[in-house]
Amino acid sequence: MNKSDLLLDVIDLKTQFFTDDGIVRAVDGVSFQMKRGETLCIVGESGCGKTITARSILQILDYPGRVVDGQIFFHRVRLVDGKEVRQIIDLATLKTRGPEIRDIRGKDIAMIFQEPMTSLSPIHTIGNQIMEAIRLHLPVSKSEARERAIELLRRVGIPKPAERMDAYTFQLSGGMRQRAMIAMALSCGPSLLIADEPTTALDVTTQAQILDLLRELKDDLGMSIMLITHDLGVVAEMADDVVVMYLGVVAEQGNVVDVFHDPRHPYTQALLRSIPKYGLRTAGKRLDSIRGMVPDPYSRPTGCPYHPRCDRMIPDKCDRITPPTIQIGEDRVVSCLLYDVPGLPTRSYNAPQPALCEVR
Amino acid sequence: MLQFVARRILYMIPTLIIVSIISFIIIQLPPGDYLTTVVTNLRATGETVDEATLAAMEQRYGLNQPIYVQYWKWITGILLRGDFGQSFEWNQPVSALIWGRLGLTFTMSLATLLFTWAVAFPVGIFSAVRQYSIGDYIATFIGYVGLAVPDFLLALILMYVAFKVFNQSVGGLFSPDYVDAPWSWSKVWDLLKHLWVPVLIIGTGGTAGLIRVMRANLLDELHKPYVVTARAKGMTEARLILKYPVRVALNPFVSTVGWTLPILVSGSAVVSIVLALPTTGPLLLRALMSQDMYLAGSFIMLLSVLTVIGTFISDILLAWLDPRIRLTQ
Amino acid sequence: MLNDRKQVEREAGGPAVPNNSRSTEEARVLVASQWLLMWRKFRKHRLAMVGGTITIVVYLVVLFAEFLAPFPSNAFSSQHTYAPPQPLHLFDRTAEGLRFSPYVNGYSITINQAALKREFVVDKASKVPVRLFVHGTPYKLLGLFDADLHLIGPSVYDEDPTRIIIPMYLLGADRLGRDVLSRTIYGTRISMTLGLVGVALSFVIGLTLGGVSGFYGGWVDNTIQRVIELLRSIPTIPLWMGLAAALPSDWTPLQVFLGITILLSLIGWTGLARVVRGRFLALRTEDFILSARLDGNSTARTIRVHMIPAFASHIIASLTLAIPSMILSETALSFLGLGLRPPIVSWGVLLKEAQNIRAVATAPWLLLPGIAVIITVLALNFLGDGLRDAADPYGR
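Residue numbers (our numbering), protein chains in the order written: chain H, 1 to 360; chain R, 1001 to 1329; chain V, 2001 to 2396.
Covered stretches of chain H, as calculated for chain R (at least 3 residues, CB under 8 Å):
1. 56-69
2. 115-123
3. 132-140
4. 165-174
Once the Cα atoms are required to be at most 16 Å apart in a straight line, the calculated EDC-like pairs of lysine to aspartate or glutamate come out as:
5. LYS2044(V) / ASP2389(V)
6. LYS35(H) / ASP5(H)
7. LYS218(H) / GLU237(H)
8. LYS35(H) / ASP219(H)
9. LYS2041(V) / ASP21(H)
10. LYS160(H) / GLU147(H)
11. LYS317(H) / ASP340(H)
12. LYS2127(V) / ASP2092(V)
13. LYS2041(V) / ASP20(H)
14. LYS95(H) / GLU1237(R)
15. LYS2044(V) / ASP20(H)
16. LYS1224(R) / GLU1237(R)
17. LYS35(H) / GLU330(H)
18. LYS1073(R) / ASP1083(R)
19. LYS2044(V) / ASP21(H)
20. LYS14(H) / ASP69(H)
21. LYS1224(R) / GLU115(H)
22. LYS1224(R) / ASP62(H)
Simulated from the structure, these hints should not be mistaken for lab results.
Glycine is no exception: its CB is placed at the ideal position from the N, C-alpha and C atoms.
So that you can see chain H by itself, here it is in the shape it has in the complex (with noise of 0.2 Å):
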């Protein structure tokens, strides 16, 4: 991969939350690499450390949450009096409520939200919340904010932006709250938005619509978009990269397409056999489906975590030994002991970078 490609190296992350009865590890060593301009999608089951992976690249998990061990190396473009200035922060030594996260949050990384009814503020304006994050990080005139604003009102297809400037978000349908959503994640330009589950909540015609307006604005404004969500259609059609998470570890790492047409670990092949397709039932089959339940956050499963529900389960090795990180192809990981044989080398990473270092 070429060096200058990279937007974000997360390595060995764990995100844990302390709770009074006892400590639930969300994120259990979470690593992989997301490419500029690529879309990255970011699949598993509820409960599998989505969320939490893509909170805590922003540091923004809730209390008792907290980044407690790993990297995430976030190589930062920026324009600063014409020049093109290199950073590569990592972003979690930053401090969550630090100026220098602050400084990252909605001008480099953007998020948007599963619920766009209660993820906007509902006795707000549209309109202020996006001026607001407008003038939060560029030095602009209450004007020229508003100007900007409706401007990108339209641009996510907003009918009579102007007037929708002042509107509140229980006016609004849920399609053009999103919009306004997306709006306001894109207001100072980000390299890279972070959409959790963005059309979950929104009908099926109206999730196209979104989908698609994603991927017209990752197109024309040159950015990365890691897209978390648990469908798999969703991922097909957006995806240029996939990660499989299961139970807060990376359980398969690599391109859509291979993954979908080899899926290698265990718990990726029973999630696309449990894709409903057409013809299934007049062939007199059932639909697939993964036995059992994701388990108690506070009772993880010794060795690879998803050996209980496995039907490729090696006894006495799979519940004792956690699964490395296995190389199997380039930009290709699995984490399954079932490759895990000599020869196949396991991933290694470089050796730590330094926390902040400029590149010109």
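With chain H held as given, fit chains R and V onto it using these hints.
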């Protein structure tokens, strides 16, 4: 918005009518009618009763007519002529007795409301944002105690302490020099110097309640997704908390005026009696004890009416603050 | 909501998961009943446990007031008006050393000729023996059994139950030389009973109207809501004062007690009605209620079998929180002289003795019933808060 105000006013009218009916019933509750009370009272003081006066009074209050006619005469007298009837104990028109005291009662209640807010708002925010901190525990504890100690007991304890430790009385709203003086700036200043004692006493319970309300509301809001959104925009923590969750939590807080105001007025009645303040409380108690019913009924009605209007104003304020109410109803 | 969640868990915990990693704790959650879960959650709330314990103790005092109080509530001694509290000594220093032999010091009384009043000084030299489980003034325990045992009392009682001949004023004496401790204990009985009866009455009104309001909605709901708003917007104390003053003065104490209770609950039901209505409205739209109705349950059965169990816990919590405000209202009214009147003894009636500053200055112990009010109200509030949190055992 105008439509909303109009609808609230429409809602308020039946409330006011019912309040007046309840007050009238209270006036009528004691056995015997007003006239017999007056006559016995006059006879007791050794005055002769003039038949013509009696007849005039009978006519004025419609005493020999059905009850609804009496109510009608009473209420139209109030609305058209400002005539609340006669207080036989003071031998004066009720209207001459009540306005000054009502004014003081509401000055006191409003001052208490402002005090309650000024304390409860910041403390509530602090308690919620720093949940489970020592400050939060202290605020919660004081809150509980404030809820459990009756107003009048607090007044008694304060009086006792002032008497024992400072050897002075904390009763009254004015220094002796100013009690009968006409209103002037120095009298207002004198009032303010005395007002803090009852305000503190009446306000404690309300403040405790409001801290709990503010804390609970804000705790609900602090973990809402829109707060995360604001954080993801890169706002500073202090600014985003004040702009979003506090602003949203403010709405139910404002709506509490509706129920704090009646409580404050109630509290001021009891505390005034203990501290012998020249507000409605002591006079109302005395009127009730001596069955001076026109005076007592008028007090109850006017206290209720003013409270209903206060609640109405707080509703309007709430609608003005909250677009969800203003635009969807 | 509760049942919804249960549904999910039932599916989750089905036999499809023969899975050793599922912890036993979780298995216990899956089979635990709603009430068991609430008890577990409640137990974690330490203040609520303390509040609950105090509440139980207070109600035991209500039941066994005669046994706990050294004297009847109306026993007096004209010799001992405003006598100060006598500290209780448990051990006596005798020739053989320290012995368990409780006593209080007697008084030395001087008459201040100028102020024309008795002045008491606790006399360290004189000892008045005190007995535990002493046979004193006879009474009927729980209204059923003849008894004359008192937890604590002086060694000698007068034949006349209304007389105190040997002073033992652990918490001091009032204007008529009556024992403040005994009167506070009897006051507990009246105030707590009134709280319970009043809340029970409010509950009947509130449950009926709130339920009707929430279940039928529409104009019924509208009307009832208007009435609630009306009652809530009137300052209660002046209104109660007006109504209470109208109670005939020739009523017997019991009639007054009932009258005041009814008055308090006539205005106090609104809070409960709101809770009931809110729950009803929230439940009405729940899927499990809809499915219960689609299964062909009648309205009455739906309410009884599916709705009431789902909000009973919330109602219990609200009831607990309603008792203290009832007690505070009674105390305030009686304090003003418009509520209960002597010879009934309630906390408010007792505090009326402390109404003027001169009485308080002479005998600050007259404020002690106020401490009883504060402790009880605090305990009930803690208990109620704990119950309210526990009422939603699946919540945070």
